[in-house]
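Participant: Residue numbers (our numbering), protein chains in the order written: chain A, 1 to 325; chain B, 1001 to 1307; chain C, 2001 to 2527.
Some hints could be false.
Below are the DSS-like pairs computed for lysine-lysine, each with C-alpha atoms no more than 27 Å apart in a straight line [unchecked claim]:
| no. | chain 1 | residue 1 | chain 2 | residue 2 |
| --- | --- | --- | --- | --- |
| 1 | A | K226 | B | K1196 |
| 2 | C | K2077 | C | K2142 |
| 3 | A | K226 | A | K240 |
| 4 | C | K2507 | C | K2526 |
| 5 | C | K2133 | C | K2090 |
| 6 | A | K240 | B | K1196 |
| 7 | C | K2026 | C | K2527 |
| 8 | B | K1169 | C | K2403 |
| 9 | A | K240 | A | K129 |
| 10 | A | K88 | C | K2220 |
| 11 | A | K221 | B | K1196 |
| 12 | A | K88 | A | K69 |
| 13 | C | K2220 | C | K2507 |
| 14 | C | K2220 | C | K2065 |
To be clear, the hints were calculated from the coordinates, so they are not data collected in a lab.
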Amino acid sequence: MTVFVLRRLIQAAIVVLLMSMIVFFGVNVVGDPVDMLVSPEADQAEIARVIRDFGLDRPIYEQYWYFLKGAASGDLGNSFIFGQPALKLILHHMPATLELAFAALFMAIILGIPLGLYAGLYPDRASSKAIMAGSIFGFSLPTFWVGLMLIMIFAVWLGWLPATGRGDTATFLGIEASFFTRDGLSHLILPALNLALLKISLVIRLTRAGAREAIQQDYIKFARAKGLSTGRIVFVHLMKNIMIPVVTVLGLEFGSLIAFSVVTETIFAWPGMGKLLIEAILQLDRPIVVAYLMIIVILFVVINLVVDILYSLLDPRVRLGEQGA
Amino acid sequence: MTIEHTDAASPMVPIPKIQAPWRRFASEFFESWIARVALFTLLTIILLALAAPWITPQNPYDLAQVSVMDGRLPPGEESFDGYTMWLGSDGAGRDLYSAILYGLRISLAVGVASGGIALVIGSLIGLFAAYIGGRVETFIMRLVDLQLSFPAALTALILVAILGKGIDKIIIALVLVQWAYYARTVRGSALVERRKEYIEAATCLGLSHGRIVMRHIMPNCLAPLIVVGTVQTAHAIALEATLSFLGVGLPQTEPSLGVLIANGYEYMLSGRYWISVFPGLALLFTIVSINLVGDRLRDVLNPRLSK
Amino acid sequence: MTLRTTAASALALVAVMATVPAWAEKLTIGLASEATSMDPHFHNLTPNNMISAHIFEALIGQDDKQRLIPGLATAWKPIDDTTWEFTLRKGVKFHDGSAFTADDVVCTWERAPDVPNSPSSFGTYTKGKTIEKIDDYTIHVKTATPYPLVPNDISTIYIVSDEGGCEGTTEQYNDLSVAHGTGPFTITAYEPGAVISLKRNDDYWGDKPQWSEVDLKPIKSAPSRVAALLAGDVDMIDGVPTTDIETLKKRDDLTLSQGSSNRVIYLHMDQFREDSPHVTARDGGKIKNPLLDKRVRLAISKAINRDAIVARVMEGVAIPAGQLLPDGFFGVSENLEIMAYDPKGAKKLLEEAGVGDGFRMTIHGPNDRYINDAKIVEAIGQMLTRIGIETAVETMPRSVYFKRASRGGEGDQPEFSFILVGWGAGSGEASSPLKSLIHTYDKDRGFGASNRGRHSDPAIDTMIEEALTIVDDAKRQDMLAKATEMAMENVAIIPLHYQVNTWAAKKGITYPARTDEQTRAANVVKK
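The whole structure should be built from the sequences, with the hints applied where relevant.
Facilitator: In structure tokens:
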């Protein structure tokens, strides 16, 4: 296990390095940040000054070299538009996004697994068919459109929940989050639901597919024949099997939750790093884009690792040690 | 479960008469009325999209036929040129009925082309990785990780920004975004399959690698592949809409369904629901029918679920 | 016109404001833009300057029509051709209690153009001017050559204290430890992307704001901003999208205020290349760039139905334009008419110019910069196609667009042939667009920086340059108007319309629309 983890960490480092290169060169192809930054009234001399100050007149490999040198000491560069370290800005916005993503993930599990299980165990009931139909609608609708619909219905028409922004936060066990206040929760519900909708549908479908498959497997039939209670069969034997694809996919999807928070955060004016990113992309604040993607890559490599380990614990047929030489 | 036998190996066992596989598949597929309706809807949508130039009053891409004077007309109003806009018009004066059918062509083309290409490329890579194993597999899977560590929406956003606008570029971007999902899925289930006894048996029987992969491992990867495939095709179309929403998707002048919805989005609060809702419904019907057909395909194709 | 009456009543409200007692109430505003820093000299861009205006003050203020009004200076006048004298306000205190004197102005003047990592500095306004302290409450501003816009430039520089403020880093401003101005509000919290919290400055020398507390929240997505107002999350929003105005007007729980801005939306045409990259003959073959011919440019202008764009695309919320700035601004010509829609005349002009069969052209425009920009571009494409100029339409995000439009082509020349752009006159008078859009591109002297069509007429150049040295207002006004008339006569650019900005608030809350598009909480009044 240790060897496996170590090897994966070394691979991860290579991935991060490669990624930094691709991202760095990639974002430097797009547009020119200077036009986004300077006042429209600036004259040619001022434009030239900004280009020089931000090192944009240097060849790109040289800029990359400076970036790498900085990155080695934990400095991912300064944001063009905020003038602050990109890493600091992202870390500042990260808790809001993580909070949103975890809330969405929580919703996906708490709603998706029971509904999917039900639909899988009783596939012929009308309610199961309704669940499946609902799940299809869930991932057929574009996120941004659903977001606005949620605001229209729950905030504008019914007036139950606030339309935008993050609510009050409170600190609990050293974590500052809006889970712990009423106001915070009321602000969290709509964006989290918006973000979760796709994942709920996905979990329902995966769980149902898993349950339907597993239920016909010999060991379940055997367990039934042995006279085990339905509860035990479902929660011990079935769940274990279903959890494999669900854990894998949710692990993979956590990254996409954070990515899709770009759209949700834009619509709900949620002050997270997704909103920071989309604004950085639109304004060509390259250091933020690069730093954001580096953080995402690292985050994802870690999640991947965790998923692989969980995977091996859940399914003894897949042995970690067997991979590679 | 059927294991293929050669006649020479066991002459005494009576071989059950097997229906032609496609016929068994078709009859099972049509057992479900939902599948029948979904397939019918999907085919109708495809037909409408293909026939668009002949059954619409306006070519929404020809600026000479579009006039801002017709902008934002509610459903049923008469246009400047004298035909009735049954679904109303959008902000630029496009007849929504025409724009939706033309938009369908683009959305379908983008979804199917990108999904199809990604599926083929991705599953070949995934199978190859799972079957070869060793360093090659590690390398490929690290590549997949690399790809997936970039959230799809983000990769697509950056790719399109680099490649530029246009249908071909969107398709390239979406293929690059999606292939890894297929590769990972196929490799995941192939890995489990590969360790099963029947593969060992097949290897012992001296079957060629290609035959083992294509005839034994591949069919067992189909179920998850179809789940991912349907999700991904829907995803591709939605992603295209999202890119348009973020302003880097397809050109405004030749709107896909996604662009139409994104444009209509800004009219939602002003009560001009039709600009966003009708293209939204068209998109919904398209994706839902693809998904339902995909669902049924999965049930039918999965050998472990067949009775 | 209703817009004018709105503006007039808004002005009346400002007058009334002084007599209204202060309210112990909180105001929350949803803003379309977000400031990038609390350092008033970090980033010279409207969203930042707008926030700075709550906390800091300049020597000279700008009223809602961008007319200059006394700020930290009570009076100013030129004492010779190159020297201006400013008399400073006495008894003003910064939020940290230090007194405002000439020393603050001197050290601010040094800091403003030279903030590290500034993405757009205030050097544009400070350059060529030196500040001299005469006594604690008098300063002289000297320029090398006669320069009439000294007061306008001075009005853009926010004064910070020489006790902390001048030495303060951008970081210290962002953590609020040195963010002390003399303005109507003090800042109490700054959460980037979420909220800026302000408190009334009860020691303010001028009219105190009605609100004891103000929260400014950036909500960039327009539908979300409107939804936030409807849901009651915020009391007021700016940047109301044109599509929602009609619906919001009908609601009796909301008040709207509108006013024309200083921003003109116009078209640039390639006037420097014989072979323009996005212009071809109808069969796709090469032709000599027809846009070089004034008759063709005039034909294009005539082919555009400005009333239709305003009515259908802008939903009535814009004013058709015939020049660079709307009526009422300094340097505007009284002789210019809005070009009448005349497709027949346009076709005739094309024939006279020898391109009666039309040609093919691509119009480029941004899709996320100006109000309804992509739709305007599309409408123009439709209109030109109808007179035989087969026009393809291409829009793109501003992050890609502006570079290509300014320096995307060969030899860092503009890449496009025919583009839509907007220009807001930051100084609130006509020299700003004339200098940047009409004057010949001249890198060394800083003229024509945004002249992306590269129109060039030495006679106009001379006029603009001369106007920029005339200190006498009446003379300068005439000169600028004349230069504008000549530019319009040349069809140097094609003006389309002036943007109109809209604010919406809960019933009883009114805001006098500002031409510079800024939202200032101090001017928000409650009846």
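Participant: Keeping to a limit of 27 Å between CA atoms, is the pair of K1169/B and K2403/C held or broken?
Facilitator: 21 Å, holds
Participant: Below or equal to 27 Å on CA atoms is what counts here, so check K226/A against K1196/B.
Facilitator: 25 Å, holds
Participant: Hey, K2077/C versus K2142/C, does the alpha-carbon distance stay inside 27 Å?
Facilitator: 12 Å, holds
Participant: If you draw a straight line from the CA of K221/A to the CA of K1196/B, is it 27 Å or shorter?
Facilitator: 20 Å, holds
Participant: With the threshold set at 27 Å, check whether the alpha-carbon distance from K2026/C to K2527/C stays at or below it.
Facilitator: 15 Å, holds
Participant: Taking only the CA atoms, is the gap from K240/A to K129/A under or equal to 27 Å?
Facilitator: 24 Å, holds
Participant: For the pair supplied as a hint, K2133/C and K2090/C, confirm whether the alpha-carbon distance does not exceed 27 Å.
Facilitator: With Cα atoms ~15 Å apart, K2133/C and K2090/C stay inside 27 Å; holds.
Participant: Is it true that the CA of K2507/C sits at most 27 Å from the CA of K2526/C?
Facilitator: Holds, at roughly 9 Å.
Participant: Hinted pair, alpha-carbon criterion (27 Å max): K2220/C, K2507/C. Please report holds or violated.
Facilitator: Holds, at roughly 23 Å.
Participant: Does K88/A pair with K2220/C here, judged by a C-alpha cut-off of 27 Å?
Facilitator: 22 Å, holds
Participant: With the threshold set at 27 Å, check whether the alpha-carbon distance from K240/A to K1196/B stays at or below it.
Facilitator: Cα-Cα ~19 Å, so holds.
Participant: Is it true that the CA of K226/A sits at most 27 Å from the CA of K240/A?
Facilitator: With Cα atoms ~19 Å apart, K226/A and K240/A stay inside 27 Å; holds.
Violated hints for the displayed structure: none, as all numbered hints are satisfied.
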